[in-house]
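J.: Respectively, the protein sequence lines represent chains L and Z. If you use full-length UniProt numbering, the first sequence corresponds to residues 1 to 192, in order. If you use full-length UniProt numbering, the second sequence corresponds to residues 1 to 192, in order.
What the hints contain is simulated information worked out from the structure, not anything from laboratory work. On a predicted model such as this, the values are computed, not experimentally measured, just so you know. Backbone N, C-alpha and C fix where the C-beta goes; we use that ideal spot for every residue, glycine too. Possibly wrong hints are sitting among the right ones.
[What the hints assert, rightly or not] Here's a subset of chain Z near chain L, in silico, CB distances under 8 Å, partners left out:
#: 1; residue: E155
#: 2; residue: A159
#: 3; residue: D177
#: 4; residue: L185
Number of protein chains: 2
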Amino acid sequence: MSVQERKQRERAERERLILATARELAEESGWDAVTTRRLAERIEYSQPVLYSHFRGKREIIGAVALQGAAELAVALRAATSAADGPRARVTALARGYLDFATRNPAVYDALFQLDGGLAYAQEDTPEPLKDGFAALLETLGEVAGDGVHPALFTEVFWASLHGLATLTRAGRLLPEDAESRVELLVDRLAVV
Amino acid sequence: MSVQERKQRERAERERLILATARELAEESGWDAVTTRRLAERIEYSQPVLYSHFRGKREIIGAVALQGAAELAVALRAATSAADGPRARVTALARGYLDFATRNPAVYDALFQLDGGLAYAQEDTPEPLKDGFAALLETLGEVAGDGVHPALFTEVFWASLHGLATLTRAGRLLPEDAESRVELLVDRLAVV
DNA sequence: ACTTGATTCTAGCATTGCTAGACAACCAAG
DNA sequence: CTTGGTTGTCTAGCAATGCTAGAATCAAGT
Chain L
1 MSVQERKQRE
11 RAERERLILA
21 TARELAEESG
31 WDAVTTRRLA
41 ERIEYSQPVL
51 YSHFRGKREI
61 IGAVALQGAA
71 ELAVALRAAT
81 SAADGPRARV
91 TALARGYLDF
101 ATRNPAVYDA
111 LFQLDGGLAY
121 AQEDTPEPLK
131 DGFAALLETL
141 GEVAGDGVHP
151 ALFTEVFWAS
161 LHGLATLTRA
171 GRLLPEDAES
181 RVELLVDRLA
191 VV
Chain Z
1 MSVQERKQRE
11 RAERERLILA
21 TARELAEESG
31 WDAVTTRRLA
41 ERIEYSQPVL
51 YSHFRGKREI
61 IGAVALQGAA
71 ELAVALRAAT
81 SAADGPRARV
91 TALARGYLDF
101 ATRNPAVYDA
111 LFQLDGGLAY
121 AQEDTPEPLK
131 DGFAALLETL
141 GEVAGDGVHP
151 ALFTEVFWAS
161 LHGLATLTRA
171 GRLLPEDAES
181 RVELLVDRLA
191 VV
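With the hints as extra help, turn the sequences into a complete structure.
T.: The following block contains the structure:
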């Protein structure tokens, strides 16, 4: 048995290596640069090995997205926990979210821009994704306002953040006024 | 001279054909399906002809994006002109925007998701893009609220709409509650 | 030592964006 | 009409992509 166990361990280790390398490559030069050949070369295996772990490139993106969702949830909870009062928590949440998108553009792309073959907003949505949304909901639910469904409010707030994040990163919005935009958004949307 | 003029006309006509076909193909099966080979075949010319009109695929996307920007501006002005009062105009604007994104997903992608090699939010930004933003500003400037820069407010509102549009289309938000989200957004962001 | 079964690699397919160089069509001058 | 040159278009090909079939290799158990 121990032989098989060792093999399984090694296999799991290699899978981690693949994902870490894919992410590294993507953050370095974008997901377009993550070709199966380059990835295979970096992990010092041949291409077909990748396909023994993942169905294809899409599934690799999906796996990175799941990692990212978990990290995003952690980052959001860390950001809000330091703040006092609902209003301050929402501001911290917004800043934390945009910060995450700026600092991990490739992971953010995997999560919300690219096709990783994941199911969103459904029953079979993977746990990390649900938890990411839950992290948003925890803080935003407090400021949804009377008669407004917390989940609906969270969706709208999230969409706004997402819009700011993507438009800024795509050069459609200048980064200078990022902070003013966040303040305006929180001021208007959150009911305190 | 008339010979040259005819040739120029024919050339311009063919350029229109290329763009219309690219757009058609993109709306049919997404921009990934718009390959230079398929495009060339549809217009019944060989691939290199495309490169005598555009530097490459990116520039074709950019050209479609410019068309789209002009159409979006028209659509937004048409939507708002029928509404009475600032509040109704903003609602109409939001609906019109999301409608445009839903009805022309490929064009919307060319405009705001893909790289068409265009400059945004700068001096050398092409006129149609500036005008698209202007169309938003005309209606949103009215409801920015005291002490809030109209352009800043427009950016935030636009980002929210963009977030709703992209997340919905990518399956990250369910389309059922689209209308509720718009109402909530307008209610909170617009100062009437 | 040998066989068997899993694992990994080499080599290749079809498709992509893009381009060089051959070829043909056309127009102006003789 | 013929010729010469320009302009335009096409054929053929490159390197890179995602993915896969089948050969080669390695390790485990007898």
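J.: Could you run down the list of hints and mark each one as holding or not?
T.: Right, here's what the structure says about each hint:
1. E155: Nearest chain L Cβ about 6 Å off; hint holds.
2. A159: 3 Å, holds
3. D177: Holds. Min distance 6 Å.
4. L185: Nearest chain L Cβ about 6 Å off; hint holds.
Taken one by one, the earlier hints all hold for this structure without exception.
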